[in-house]
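> Using the sequences provided together with the hints, build the complete structure.
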Amino acid sequence: MKNSFDEKILEEANDWLKANQKVVLATVIQTWGSSPRQVGSRMIVNENGDFSGSVSGGCVESAVVRECMGIIKENKPHKKIEFKVSNESAWEVGLACGGEIAVYLEQIN
Amino acid sequence: MKKKLLEQIIKKKENKDEFAIITNIANGESCIFEKNKSIDKNFEKYLSEISNHFNKKKNGIIENTDIFIETYVRPIKVIIVGAVHIAQYLVDYAKSLNFEISIIDPRGYFATEQRFPDLKIINKWPEEAFKELETNENSALIALTHDPKIDDPALQHALKNKFYYIGALGSKKTHENRCQRLKDAGFSEAEIYSIHGPIGIKLGGKSAPEIALSIIAQLVEVTYKK
Numbered sequence: 001m002k003n004s005f006d007e008k009i010l011e012e013a014n015d016w017l018k019a020n021q022k023v024v025l026a027t028v029i030q031t032w033g034s035s036p037r038q039v040g041s042r043m044i045v046n047e048n049g050d051f052s053g054s055v056s057g058g059c060v061e062s063a064v065v066r067e068c069m070g071i072i073k074e075n076k077p078h079k080k081i082e083f084k085v086s087n088e089s090a091w092e093v094g095l096a097c098g099g100e101i102a103v104y105l106e107q108i109n
Numbered sequence: 110m111k112k113k114l115l116e117q118i119i120k121k122k123e124n125k126d127e128f129a130i131i132t133n134i135a136n137g138e139s140c141i142f143e144k145n146k147s148i149d150k151n152f153e154k155y156l157s158e159i160s161n162h163f164n165k166k167k168n169g170i171i172e173n174t175d176i177f178i179e180t181y182v183r184p185i186k187v188i189i190v191g192a193v194h195i196a197q198y199l200v201d202y203a204k205s206l207n208f209e210i211s212i213i214d215p216r217g218y219f220a221t222e223q224r225f226p227d228l229k230i231i232n233k234w235p236e237e238a239f240k241e242l243e244t245n246e247n248s249a250l251i252a253l254t255h256d257p258k259i260d261d262p263a264l265q266h267a268l269k270n271k272f273y274y275i276g277a278l279g280s281k282k283t284h285e286n287r288c289q290r291l292k293d294a295g296f297s298e299a300e301i302y303s304i305h306g307p308i309g310i311k312l313g314g315k316s317a318p319e320i321a322l323s324i325i326a327q328l329v330e331v332t333y334k335k
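Line order of the protein sequences matches chains X and Z.
Each residue of the first sequence is one higher than the last, beginning at 1 in the working numbering.
Each residue of the second sequence is one higher than the last, beginning at 110 in the working numbering.
Keep in mind that a hint or two might mislead.
[Unchecked claim] To spell it out: a stretch of chain X is covered by chain Z in this simulated footprint if at least three of its residues, at any positions, have a beta carbon under 8 Å from a beta carbon of chain Z; those stretches are:
| no. | segment |
| --- | --- |
| 1 | 13-22 |
| 2 | 31-42 |
| 3 | 72-81 |
In short, the hints are calculated from the structure, not lab data.
We put the CB at the ideal spot given by N, CA and C, even for glycine.
Take a look at the structure:
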């Protein structure tokens, strides 16, 4: 059972904002098949690409960081991205577990 | 998300208020939902679906909408009767599973702080102890003493207050006797049948940590079916 009260990622986002950083919040909003992190899992990314938290087992975090930096640069308020099963032989981003996830990115402003 | 909303969310988390964060992923709007309170007018038309998700403690997108809901609900209260060896392992498992444990044991030599550091132990008989605890249909009872003097009053309290999980340690024979006593006390067949006894799922283990694991596994299973 998830205890959302004990997770401190939103508090960390607030600390980053207080330090005048730009912050994008990435949240897992949907999963299909097997996926490593459940709906509601979060990570935060700043304009330098620093991040905290996770949305998968390390499979798609690098792509999420890129997308988050992108929406800060383009000044886009929000975006939805989806990740599907990866091709194991290729160096591409995807979920080796065979699942699919949708991640919602939003700037905090 | 607005900075102000983030600050409000953090405050609610600090206070351990139960709430949900509602986000419209199509237009980026978000707000806080609380039970029995009015909601931001942009989300009013989804109110019944949002309440429904919240009651089920579900996170996710509401079907056929762009509304994402993330619920913050307090841990489930689990009352253990009997500060015995198995209880020490149950406490360890429960920590990482979002269960909030209280232990009742009138026997002072069991319920010591040394055996259970950082835990609320109520060193009273169950009838008295339950006066200090707020319990309802979201509570669970694990009776471990297999001493009728201690377990029975706790089981009766749990049945009357409709706990969603009631389990009692003891052999088949012990459990049969227990059921008979509850029947004599006026509880119905259905009520008595709702007690998990002998407690736990069948794992085959006999050691204290293994029994604790089988109990906590059953509790998780029943919690998800709730």
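> Each hint should be assessed against the structure and marked as holding or not.
Hint by hint, here is what the structure shows:
1. Only residues whose C-beta sits within less than 8 Å of a C-beta in chain Z count toward coverage, and the segment 13-22 of chain X has 3 of them, enough to reach three; the restraint holds.
2. Chain Z is given as covering the segment 31-42 of chain X, and this holds because 3 residues of the stretch bring a CB closer than 8 Å to a CB of that chain, at least three being needed.
3. Counting residues of the segment 72-81 of chain X whose beta carbon lies closer than 8 Å to any beta carbon of chain Z gives 3, which reaches the threshold of three, so the coverage claim holds.
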